[in-house]
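*Asks:* Spelled out from the first residue to the last, the chains are:
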Amino acid sequence: MLELLDNMGSLKYFLAELWLVLWILVLLIQPLIPRWSSAKISNCLAVLALIGAAGLVLALPVQDSRPTLFFGMLALDGLSRFFKILFVFSTLVTVLMNLRGQEVTDHQKPEFYAILLGILLGMFLTAASMDLLMMYLSIELFSLGSYILAGFSKNENRSDEAAMKFLLYGSLSTGAMLFGMTYLYGMTGSTQLLDIREYLAASGTGQTVFFVAFLLIFVGIGYKISAVPFHFWAPDVYEGSPSVLVAFLSVASKAAGFAAFIRLFYTTLLANASEGIWTPFVDFDWRAFVALLAMATMTFGNLGAFRQENIKRLFAYSGIAHAGYILVGAIALTTAGVESILFYLLTYFFTNFAAFAVIVYLADRHSMETIEDYRDLGKRSPLLALALAFSLFSLIGVPPLAGFLGKWYLFAAAVQTLDPWCIAAVVVGLLNTVLSVYYYMRIIKAMYLDHLEAPPLLKPDSVLVGMAVVLSIPVVFMFFAAGSIYEWTRSLSYFLVS
Amino acid sequence: MFDFLFYLFAVIGVGAALFVAFTPNVVHAALALVPTFGSLAGLYLLLGADFIAVTQVAIYIGAILVLMLFGIMYTHNIARLSGEQVTMQVGAGLVVALITLFSLVAAVISTDWPVRELSEPQPTVRRLGVLFLTDYLLPFEIASVLLLIALVGAVVISHSVQAGKSKDPS
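Residue numbers (my numbering), protein chains in the order written: chain A, 1 to 498; chain B, 1001 to 1170.
Everything labelled a hint here was simulated from the structure, so no lab data went into it.
Note that the Cβ used here is the ideal one computed from N, Cα and C, for glycine as well.
Each hint should be verified, as a subset may be incorrect.
[To be verified] Label pairs and their in silico Cβ distance ranges:
no.: 1; chain 1: A; residue 1: 309; chain 2: B; residue 2: 1055; range: 47 to 53 Å
no.: 2; chain 1: B; residue 1: 1071; chain 2: A; residue 2: 491; range: 48 to 54 Å
no.: 3; chain 1: A; residue 1: 306; chain 2: B; residue 2: 1105; range: 36 to 42 Å
[What the hints assert, rightly or not] Residues from chain A shown here face chain B by an in silico Cβ test under 10 Å; the list is partial:
no.: 4; residue: 14
no.: 5; residue: 21
no.: 6; residue: 47
no.: 7; residue: 48
no.: 8; residue: 67
no.: 9; residue: 69
no.: 10; residue: 72
no.: 11; residue: 73
no.: 12; residue: 108
no.: 13; residue: 121
no.: 14; residue: 144
no.: 15; residue: 151
no.: 16; residue: 216
no.: 17; residue: 309
[What the hints assert, rightly or not] Which stretches of chain B does chain A cover? Using the computed rule of at least three CB atoms under 8 Å from a CB of chain A, they are:
no.: 18; stretch: 1112-1126
no.: 19; stretch: 1130-1137
With the hints as constraints, model all of the structure from the sequences given.
*Replies:* If you want it as C-alpha cells, here you go:
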C-alpha cells in the first residue's frame, strides 16, 4: 500500500526544502559582498526566497499513493502539505512585518533571515517526519533557531533573559522527549513510526513503559505548544524577544507543535479510523490525560492573562489558553477533531497575525508595549485600532468572526463524540471563553474609551498598517466562505495511516 | 567479566555525574565530566559500538569538555562566583523529581524488555558509513544544516555582545 521512495526518487518532492537551504547559504554570503550588503537587499532576498518556497510547496504534486520519502523518513501527504503552507506563509508575513523594523538592526538582518529560513526548514520536516530520529532532529532545528532569534532584540537584557530561559527550558523538555523516544526504540526496536505502530497494534497494550514514554515525548511537544505545565517560558520569552519573532512563534511554533502531536500520536497510538473514529491501541486513558491537560491549559492561560499589563505577556497567556482550546480537538479522537484542529490553526493564523501586525508596529516603532500605551488608539490610528479590535473579538470567539468559526468546529467535533471527558472539556472551554472576555476587553476599553488630552502622534508605516488591514479581512469575512475553507482543510487532513 | 565491567562503568558514570551536579566548584564539575563521558564510552565498547565509543571520547572529552574549560577560564571571577548556588522551590522540585524518578523506575522494572543475545562484535564503521549514505542520508544532511544554524547563531550572539559596548564592564 505504501510506496517507499529512495533518496534520488525523493528529491523531486523535496524541492522546497532544497530551495530553503540554498537561500540560507545565499543570505549568509550576501553581507560579505560589499555592493550587496545593504539591509534592503537582505529584505528582498528573504521575500524572494519565501515566495519561491511558497510556490514550490503549492506546486508539490499530490500523490494518491501517499509515498514516504528518503526510505521512510518523511511523509508526503495532506497533513504535511497543509502545515507547510501554513508555515511558509507565517514566515512570509513575519519577514514582511520586519521589512522596516528596528528591533532587529539592519546589520543583523541577513543572519536573522537565514536563521528564520532554517527554522522554516525545521518546521517543514517536523510536519512530515515519519521517524523518531528525523522528528527529533527537525524539532531541534526549529527550536535552536528560535532560541537564537529570541536573543536578537535591541532591548538587550530582557532579550538575553528570554533567550536564556527559552534555551534552558527548551533543552530540558527536548531532553525529556529524546529520553521517551529511547524507551520506544528500546521496546520496539525501530525508530520508524509505522513500525512502532505495528508493534503497538500487535502486542503493546498495557505496559507502563509506553505510558511513560509517550508522557515524556509529550513533555517536548507540550513545550512547543505551550501547554500547562510546560508553559512557564512563554510570558518571559514573549516579553523579551523581538516582536516579529513573537508573532512568528505564537503561530508557527505552536502549529509545528501540533503537527508533531498529530503526526506522532495519531500514527503510533491510534488504530485506523473507522468512520472517522480512532481507537487507542494501548489501554491507558489517553483521552482523559489530554482532556485534563487541555482544561488546565485553558484555565491557567486565561487566569494568568488577567493581571498582565504588558501586551506581549498578555498575548503569551492568550496563546497558552488557545493551545488549550486546540487540544480539545485532540480529545475527540476523531477525524473531525483533526480537521477542526487544522481549521482552528488557520483561523488563528489570520487572527493572531492581524493582532501582531498592530503590536509589532507599536512596539517596534514606538516602544508601546503596555495596555496603558494603547489608550486612545481609536482616535490616534483608527485603522490599526479597528484591526486589533476585530482580532481581539475573534480571539474571544464572537460570532461571526474567524475565531468563533474555529472554536465552533473544535467544540462541535468534541461534543459529537458524547464522551464525558469531551463534554467536560467543552464546558470548561466555554467557561474560559467567558473568562477571557475580561482581559481582551481591557485592551479594547483602553483603545476606545480612555481618552488622552494630547495623544502623541504615530508615525505612519504603510507596510504594517496595510498588513494589519489585509490580515483582518479574512478574520471578519471568513464566515462567507467558512464551508469551502473547511472543505479545503478537510481535503488536506489525510495522512499516512488515516 | 561483562557484568563486572558493566557495573563498574555504570557506577563510575553515575557517581561522577552526581558529583558534577552537586559540587559547588565549576572547574571540578567540568573535570568530573571526564569519568562520566569516559565510562559511557566504556559502555558503548562493551556493547560492541566501537565507532560511537571513539567519537564519544573524541567529541565529548576532546572537544566539548576542553571548550567548557576554556569558557570557564575566560570568564571573569568565576572562582568567586562559584558556590553561590541558590536552590529555590525545594518542596515542589522534590515532589516533581520523586514522581519522575518513581515513574521511570516503575516503567523500567515492570517492563518486559526485549533482550537480544550479545553477538560477536563486528566493526561498525563501515556499516555506519553505508547507512549514512543510504537509509539515513536525510537526517545526516539535516544534522549539518542544524550545525550550520548553530554556528551562525553562536557567531551572532558573541558578535552582538561585542557590539553592545555598554554591556562589557571592562
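*Asks:* It remains to establish, for every hint, whether it holds in the given structure.
*Replies:* To see whether the hints hold, each was checked on the structure:
1. Taking the beta carbon of each, residue 309 of chain A and residue 1055 of chain B are about 51 Å apart, inside 47 to 53 Å as hinted.
2. The given range of 48 to 54 Å is respected by residue 1071 of chain B and residue 491 of chain A, whose C-beta atoms sit roughly 52 Å from each other.
3. In this structure, residue 306 of chain A and residue 1105 of chain B meet the distance hint of 36 to 42 Å, their C-beta atoms being roughly 40 Å apart.
4. About 8 Å separates the beta-carbon of residue 14 of chain A from the nearest beta-carbon of chain B, less than 10 Å, and the hint is met.
5. Using the Cβ-Cβ criterion of 10 Å, the hint placing residue 21 of chain A at the interface with chain B is satisfied: the shortest such distance is roughly 6 Å.
6. Hint on residue 47 of chain A is violated. Least Cβ distance to chain B is approximately 20 Å, over the 10 Å limit.
7. Look at residue 48 of chain A: its Cβ only gets to about 20 Å from chain B, farther than 10 Å, so that hint breaks.
8. For residue 67 of chain A, the interface hint is violated, since its Cβ never comes within 10 Å of a Cβ in chain B; the closest pair sits about 14 Å apart.
9. Hint status for residue 69 of chain A: holds, given a least beta-carbon distance of 8 Å to chain B, under 10 Å.
10. Using the Cβ-Cβ criterion of 10 Å, the hint placing residue 72 of chain A at the interface with chain B is satisfied: the shortest such distance is roughly 8 Å.
11. Because the smallest distance between the Cβ of residue 73 of chain A and any Cβ of chain B comes to about 5 Å, under 10 Å, the interface hint for this residue holds.
12. Annotation: interface hint on residue 108 of chain A holds; nearest CB of chain B at approximately 7 Å, less than 10 Å.
13. With its C-beta approaching chain B no nearer than about 7 Å, residue 121 of chain A sits inside the 10 Å limit, and its interface hint holds.
14. With a cut of 10 Å, the hint placing residue 144 of chain A at the interface with chain B holds, because the nearest CB-to-CB distance is about 6 Å.
15. The restraint placing residue 151 of chain A at the interface with chain B holds, with a minimum CB-CB distance near 6 Å, inside the 10 Å limit.
16. Interface hint status for residue 216 of chain A: upheld, as the beta-carbon distance to the closest one in chain B is roughly 9 Å, under 10 Å.
17. At a threshold of 10 Å, the smallest CB-CB gap from residue 309 of chain A to chain B is about 25 Å, leaving the interface hint violated.
18. For the stretch 1112-1126 of chain B, the proposed coverage by chain A is satisfied: 3 residues have a C-beta within less than 8 Å of a C-beta in that chain, meeting the threshold of three.
19. Closer than 8 Å: that is the beta-carbon criterion, and the stretch 1130-1137 of chain B has 4 residues meeting it against chain A, so the requirement of 3 holds.
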